[in-house]
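Undergrad: If you're matching them up, the sequences are chains X and L in order.
Under this note's numbering, read the first sequence as residues 15 to 274, first letter to last.
Under this note's numbering, read the second sequence as residues 29 to 298, first letter to last.
I should point out that these hints are in silico values taken from the structure, not numbers from a laboratory.
It is possible that part of the hints are untrue.
Claimed, not checked - Residues from chain X shown here face chain L by an in silico Cβ test under 8 angstroms; the list is partial:
| id | residue |
| --- | --- |
| 1 | 139 |
| 2 | 140 |
| 3 | 141 |
| 4 | 144 |
| 5 | 147 |
| 6 | 148 |
| 7 | 150 |
| 8 | 195 |
| 9 | 196 |
| 10 | 197 |
Stated by the list, open to error - Below are the DSS-like pairs computed for lysine-lysine, each with C-alpha atoms no more than 25 angstroms apart in a straight line:
| id | chain 1 | residue 1 | chain 2 | residue 2 |
| --- | --- | --- | --- | --- |
| 11 | L | 105 | X | 154 |
| 12 | X | 154 | L | 142 |
| 13 | L | 62 | L | 215 |
| 14 | X | 35 | X | 24 |
| 15 | L | 105 | L | 79 |
| 16 | L | 79 | X | 35 |
| 17 | L | 105 | L | 142 |
| 18 | X | 35 | X | 21 |
| 19 | X | 59 | L | 142 |
| 20 | X | 154 | X | 59 |
| 21 | X | 32 | X | 154 |
| 22 | X | 35 | X | 154 |
| 23 | X | 154 | L | 215 |
| 24 | L | 105 | X | 35 |
| 25 | X | 21 | X | 32 |
All values reported here derive from a predicted model rather than from experimental measurement.
C-beta: ideal position from N, C-alpha, C; glycine also.
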Amino acid sequence: MLNILTKLGKNTRCSFNKLGKSGFFLGQVLIGVGDVFLRPRLLSKQLYSVGVLSFLIITVSGLFIGMVLSLQGYYILSSFGAEEALGVMVAASLVRELGPVVTALLFAGRAGSALTAEIGLMKATEQLSGMEMMAIDPIKRIVAPRFVAGLISVPLLTMLFSAIGIIGGHLVGVGMLGVDEGSYWMQMQSSLDFYDDILNGVIKSLVFGFVVTWIALYEGYSAVPTSEGVSGATTRTVVNSAFATLGLDFILTALMFGDI
Amino acid sequence: MSFDNNLVSVQHLTFSRGDRIIFDDISLGIQRGKITAIMGPSGTGKTTLLKLIGGQIFPDAGTVEINGQNVHTLARKDLYSLRRRMGMLFQSGALLTDMNVYDNVAFPLREHTKLTESMIRTLVLMKLHAVGLRGARNLMPNELSGGMARRVALARAIALDPMMIMYDEPFTGQDPISMATLVQLIKSLNTILGLTSIIVSHDVHETIAIADYIYVLSHGNIVGQGTPEEINNSESEWVQQFMQGAPEGPVHFHYPAPDYIEDLLTFDKD
């Protein structure tokens, strides 16, 4: 019993310690963010690496999720004779929830893990120490551009995901199941609110992009500089990003759409 | 040795990792314009000493002064400004793997100066020529051998014309030709550019061939110091064991452990 309590105490202390360190790290990154915009080439390289290269997985996932949503939605809605509401159902699900959440999860798996592995390996091969000894701050030169790139990419990828998902829903709903095209678009247009739905979805994606990129960069920067350490850090990035995204989604949804 | 002409002065330095004491109140000086070697068996904290001198880690007690400035009390800006005048050659080379040889050498120039690209090109080619790799400028780090990577790193370390260079195990894992080239390069760069060099190494013959002064570290203390001749003739058992590579002596081959027979006969699930 005493052992369990000791372990629990130790783990809690470690967690708070890590939280503090990651907070301090974030502070340093935010200080370095200003310089990123003065060096657009560094930023564009990272935008390509984390954003453009995530394009395929986001597009394909968005398309299939939209198609599945449409298929499932049609079976339920048609039992009430409300097939015309398919468009709004697909769009609201994507814009409010699935777009930001699934994009963040996919981003963590595709780009987040790559960021952690890259920075962890730079640490293991003394590239970060080398920069420090050349009087170049690795947080400003390496971490901050990746952070800004993540922050910009996730909302854009989310919008892309939702848009492609809506097209996927249209392909199945209108193309295959015979839902009226006018109803599909009209219902969507009249029921979705720009501020309540679309803007809230974008805010969610901004928050997720911030948190997932922060986790990925922190895990890489604080990784134990061995192959096992980098591998563990990469796993932690994906797992912690998923937890953070899902937990924050509940809180944000409650704040934005609920009465809590 | 005289402490008057020192570029680097380490005074009463104490450093430990957890319960393990790495340095126990050591003092040493690095003379300007000379090659000073810090030698000792693996695990004596030679690389740690370079990191302490470079201000990457902080000591528990004592001071490290470079050119009269206490490294560990400097503001970050001042520390970075001091580091611009220091070069460091890492054991692995620490080249940036997403850039080719040319861009690696140009990296500190682009970051710290406002020179035009044509001037940077001239400087980079001069530095690469000095290390014999002007023709390898378009290669990526993964296309270089270990020796070439270290020479590129050396070209990068001298890119900003530093006042001193710290070499971390420059000869480890090199073939005889690369080793001889590096030994020659370190010596000639020190003479031609008027540098101050600190070489951390356990390669006795190569280091002793070019060092002006040697410190031998062991178990957190300086067990011997002097010119190569003085070190060769040292009466210290520690120094002699290290210089002659004797398996038995004050430094034990085995990590501290319980009695061998007793250990074999005891089944204790660790």
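Undergrad: Now, for every hint given, state plainly whether the structure supports it.
TA: Now for the hints, and whether the structure bears them out:
Satisfaction of the interface hint for residue 139(X) is found here, the shortest Cβ-Cβ separation to chain L being roughly 6 angstroms, below the 8 angstroms cut-off. Interface hint at residue 140(X): satisfied, since its Cβ lies 4 angstroms from the closest Cβ of chain L, which is below the 8 angstroms cut-off. The interface hint given for residue 141(X) holds, since its Cβ lies 5 angstroms from the closest Cβ of chain L, which is under the 8 angstroms cut-off. A least Cβ separation of about 3 angstroms between residue 144(X) and chain L falls short of the 8 angstroms threshold, and the interface hint therefore holds.
Hint status for residue 147(X): holds, given a least beta-carbon distance of 4 angstroms to chain L, under 8 angstroms. Interface restraint check for residue 148(X): the shortest CB-CB distance to chain L comes to about 5 angstroms, inside 8 angstroms, so the restraint holds. Hint on residue 150(X) holds. Least Cβ distance to chain L is approximately 5 angstroms, under the 8 angstroms limit. At its closest, the beta carbon of residue 195(X) sits 48 angstroms from a beta carbon of chain L; the interface hint therefore is violated under the 8 angstroms criterion.
Hint on residue 196(X) is violated. Least Cβ distance to chain L is approximately 52 angstroms, over the 8 angstroms limit. This hint is violated: residue 197(X) has a C-beta 51 angstroms from the nearest C-beta of chain L, more than the 8 angstroms allowed. For the given pair, residue 105(L) sits about 14 angstroms from residue 154(X) by alpha-carbon distance, which is consistent with the 25 angstroms threshold. Distance hint between residue 154(X) and residue 142(L) is fulfilled; the C-alpha atoms sit about 18 angstroms from each other, no more than 25 angstroms.
At most 25 angstroms may separate the alpha-carbon atoms for a hinted pair to count; residue 62(L) and residue 215(L) meet this at roughly 10 angstroms. Using a Cα cut-off of 25 angstroms, the hinted pair residue 35(X) and residue 24(X) holds, with the two alpha carbons roughly 16 angstroms apart. Under the criterion of a C-alpha separation no larger than 25 angstroms, the hint pairing residue 105(L) with residue 79(L) is consistent with the structure, at around 18 angstroms. For the hint pairing residue 79(L) with residue 35(X), the CA-to-CA distance comes to about 22 angstroms; that is within 25 angstroms, so the pair holds.
The straight-line distance between the Cα atoms of residue 105(L) and residue 142(L) is roughly 19 angstroms, inside the 25 angstroms bound, and the hint therefore holds. In summary, the hint linking residue 35(X) to residue 21(X) is supported, as the alpha carbons are separated by about 21 angstroms, within the 25 angstroms threshold. The hinted pair formed by residue 59(X) and residue 142(L) meets the criterion: a straight-line CA distance of about 22 angstroms does not exceed 25 angstroms. Under the criterion of a C-alpha separation no larger than 25 angstroms, the hint pairing residue 154(X) with residue 59(X) is consistent with the structure, at around 15 angstroms.
With a C-alpha separation of about 21 angstroms, the suggested pairing of residue 32(X) with residue 154(X) holds against the 25 angstroms cut-off. A threshold of 25 angstroms between alpha carbons decides the hint, and for residue 35(X) with residue 154(X) the separation of about 17 angstroms falls inside it, so the pair holds. Of the supplied pair hints, the one linking residue 154(X) and residue 215(L) is violated, its CA atoms being roughly 35 angstroms apart against a limit of 25 angstroms. Taking the CA atoms of residue 105(L) and residue 35(X), the gap is about 22 angstroms. The hint holds against a cut of 25 angstroms.
Distance check on the hinted pair: residue 21(X) and residue 32(X) sit about 16 angstroms apart at the alpha-carbon level, within 25 angstroms; holds.
The structure fails hints 8, 9, 10, 23 (numbered hints given earlier, in ascending order).
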